[in-house]
Amino acid sequence: MQKKNNATICERFLFNAFFKNHYKDLTNFLYYKFGERLNPQDKMQEAFVKLWENCKNVPPEKAKSYIYKVATNLMLNEVAHQKVILKHQKKITKHYTVETPEFLMEEDEYLQKLETAISNLTEAERVAFLMNRIEGKRLDEIAEILNIGRKAVEKRVYGALKKLRKEIDGI
Amino acid sequence: MKIIMEKEYLIKKWLDNNLSPSELEAFKALDDYESLVKLSKYTKRFKAPIVNYEEALNAVEQKINFNKTDSNLWYKPLLKIAAVLAICFGTYYLTTTHNSNYSTGFAEKANIELPDASTVNLNAISKISFNKSSWKKQREVFLEGEAFFKVAKGSTFNVLTNSGIVTVLGTQFNVKQRNDYFEVSCYEGLVKVKHNNVSQKITPGQSFILFNNKIQINNSITTNQPEWLSNISAFKSVPLTEVLSEFERNYNVKIVSKNIDLQQLFTGKFPHNNFIVALKSIVEPLNLTYSKKNKIIFLKRE
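Heads up: the sequence lines are chains A and B, in that order.
If you're matching positions, the first sequence starts at 1 in the working numbering and goes up one per residue.
If you're matching positions, the second sequence starts at 1 in the working numbering and goes up one per residue.
Mixed in with the good hints, there may be bad ones.
[To be verified] Simulated pairs of lysine to any residue, SDA-like, Cα-Cα distance not exceeding 25 Å: (1) A:K62 <-> B:I11; (2) B:K136 <-> A:C55; (3) B:K194 <-> A:F15; (4) B:K258 <-> B:S230; (5) B:K38 <-> B:E6; (6) A:K151 <-> B:Y9; (7) B:K13 <-> A:G136; (8) B:K44 <-> B:L78; (9) A:K162 <-> A:E115; (10) B:K47 <-> B:V256; (11) B:K150 <-> B:E34; (12) A:K163 <-> B:K136; (13) B:K127 <-> B:E34; (14) A:K162 <-> B:F27; (15) B:K201 <-> A:E61; (16) B:K63 <-> A:N21; (17) B:K192 <-> A:E144; (18) B:K192 <-> B:L229; (19) A:K113 <-> A:Y158; (20) A:K50 <-> A:N16; (21) B:K38 <-> B:I11; (22) A:K162 <-> B:K269; (23) A:K62 <-> B:F142; (24) B:K63 <-> A:K163; (25) B:K150 <-> B:N218.
Please keep in mind that the hints were generated in silico from the structure rather than gathered at the bench.
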């Protein structure tokens with residue numbers, strides 16, 4: 001049963017709603033994939049601008065994959081095979097400290113090891129793993145965003161976990 | 001071999017946040033449990049920086065305007081002719097493609113008739129938008145907030161919201177889309193709710209509720225239209241934060257709370273036309289006290 005759909009995202013109302021639903025996920029995706037140096041926020045905004053400019057040619061159901069493709073291409077144009085470094089965030093200081101200086105130093109060492117290990121993952125593993133652990137996205141959700149099968153996502157996430165454990169825990 | 005396979009199985013399910021209670025126990029008993037949890041915990045420190053919604057949206061909107069003026073520059077000589085034509089066709093263009101917008105303010109309700117005699121009742125602080133001239137081809141309404149629909153039988157009728165799409169053929173239903181709380185209630189006919197590419201059908205008496213990324217189907221409706229149409233807000237196991245937001249919208253006040261669990265589920269009602277009774281209906285069952293200063297209400301635990 002064919003449903004004729006003439007809707008586009010050219011309506012400001014719909015565009016804003018679409019933006020609200022996807023701007024965060026897209027920016028996070030770019031950050032995990034390319035790191036922070038190449039300004040993920042900027043590329044995210046450019047992608048939405050391009051969507052608006054081409055809104056007549058992009059059916060709403062294709063809009064999500066469109067912005068991901070555009071944003072990724074914008075990034076790739078700038079990337080010069082730099083090693084992707086993600087900075088870990090400084091812990092928010094509490095009003096009291098329970099941890100000893102030794103604990104804090106061990107924690108910092110662990111974070112350094114983790115940072116290195118994460119940057120040694122393949123891009124595919126890193127993106128899938130961070131979307132799963134940090135954003136809390138389930139395997140099916142990641143599969144939908146990356147447009148790949150669920151088994152493929154599982155392989156990437158589990159593969160990343162194994163690599164990280166090997167580098168950090170020596171297992 | 002079997003032991004290794006079981007470990008891998010549990011870890012994969014843990015990654016997908018899909019462990020059953022007994023599997024969770026088995027997972028916790030693994031040797032690797034501590035180091036896996038530690039790895040997971042510290043990975044979260046590599047979270048992407050927070051993107052501010054308002055700033056990002058403003059930046060995008062500015063870029064859109066900026067680009068438009070740029071490309072207009074080389075059209076300048078033709079603009080004068082175009083302007084005259086634009087005025088002539090302007091009115092025609094506006095009447096055929098312009099959207100009809102209706103919105104309500106604080107403590108306001110509105111009843112709107114759609115081109116095919118379907119009707120929409122809007123609750124406070126709500127907005128709908130639809131295109132009159134393309135109505136025959138496609139019945140589509142964009143909604144922000146809460147509305148009760150009585151849809152005449154006909155072609156597919158769609159309600160678009162930020163949280164999902166509601167589709168019906170001819171029926172009566174309520175859509176409530178507020179911040180992170182999305183609820184669709186069916187009073188007659190069959191209603192289909194689509195969220196994140198997953199569709200769910202509900203029948204009369206059922207509600208589809210999406211809150212905190214969890215979906216629930218309740219069979220709890222006993223009336224034949226939502227109570228807010230009779231100027232009463234009724235809640236069955238709704239998070240308190242949403243109940244207070246509804247109160248703010250109907251009485252045009254701001255509520256500030258201290259030491260109160262806003263996620264606790266509230267069942268009860270409050271009227272829209274009696275401030276003290278309404279406030280007491282919320283405060284008394286929960287053992288809270290309140291004080292009022294101008295348009296701000298302070299709530300705290302007794």
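Verification of the hints:
1. For the proposed pair K62 of chain A and I11 of chain B, the alpha carbon gap of about 34 Å is over 25 Å, so the pair is violated.
2. Straight-line distance between C-alpha atoms of K136 of chain B and C55 of chain A comes to about 23 Å, which keeps the hinted pair within the 25 Å bound.
3. For the suggested pair K194 of chain B and F15 of chain A, the alpha carbons sit about 18 Å apart, so the restraint of at most 25 Å is met.
4. Proposed proximity of K258 of chain B and S230 of chain B is contradicted: the alpha carbons are some 32 Å apart, above 25 Å.
5. Taken as a hint, the K38 of chain B and E6 of chain B pair is honoured in the structure, with Cα atoms around 21 Å apart against an allowance of 25 Å.
6. Straight-line distance between C-alpha atoms of K151 of chain A and Y9 of chain B comes to about 13 Å, which keeps the hinted pair within the 25 Å bound.
7. Under the criterion of a C-alpha separation no larger than 25 Å, the hint pairing K13 of chain B with G136 of chain A is consistent with the structure, at around 13 Å.
8. Annotation: proposed proximity of K44 of chain B to L78 of chain B is violated, straight-line Cα distance about 56 Å (limit 25 Å).
9. This hinted pair checks out: K162 of chain A and E115 of chain A have alpha carbons roughly 15 Å apart, not beyond 25 Å.
10. Between K47 of chain B and V256 of chain B the CA atoms are separated by roughly 30 Å; this puts the pair beyond 25 Å, and the hint is violated.
11. At most 25 Å may separate the alpha-carbon atoms for a hinted pair to count; K150 of chain B and E34 of chain B exceed this at roughly 56 Å.
12. Restraint check for K163 of chain A and K136 of chain B: not satisfied, since their Cα atoms lie roughly 58 Å apart, outside the 25 Å limit.
13. About 50 Å separates the Cα atoms of K127 of chain B and E34 of chain B, which puts this hinted pair outside 25 Å; it is violated.
14. At most 25 Å may separate the alpha-carbon atoms for a hinted pair to count; K162 of chain A and F27 of chain B meet this at roughly 16 Å.
15. For the proposed pair K201 of chain B and E61 of chain A, the alpha carbon gap of about 21 Å is at most 25 Å, so the pair holds.
16. Proximity of K63 of chain B to N21 of chain A is assessed by CA-CA distance (about 20 Å); at most 25 Å being required, the pair is judged to hold.
17. For the suggested pair K192 of chain B and E144 of chain A, the alpha carbons sit about 21 Å apart, so the restraint of at most 25 Å is met.
18. The hinted pair formed by K192 of chain B and L229 of chain B meets the criterion: a straight-line CA distance of about 23 Å does not exceed 25 Å.
19. As the CA atoms of K113 of chain A and Y158 of chain A are separated by approximately 19 Å, the hinted pair is consistent with the 25 Å bound.
20. A threshold of 25 Å between alpha carbons decides the hint, and for K50 of chain A with N16 of chain A the separation of about 14 Å falls inside it, so the pair holds.
21. Restraint check for K38 of chain B and I11 of chain B: satisfied, since their Cα atoms lie roughly 14 Å apart, inside the 25 Å limit.
22. In summary, the hint linking K162 of chain A to K269 of chain B is not supported, as the alpha carbons are separated by about 53 Å, beyond the 25 Å threshold.
23. Proximity of K62 of chain A to F142 of chain B is assessed by CA-CA distance (about 19 Å); at most 25 Å being required, the pair is judged to hold.
24. A distance of roughly 42 Å separates the Cα atoms of K63 of chain B and K163 of chain A; the hinted pair therefore is violated under the 25 Å criterion.
25. The suggested pairing of K150 of chain B with N218 of chain B holds, with an alpha-carbon distance near 21 Å, which does not exceed 25 Å.
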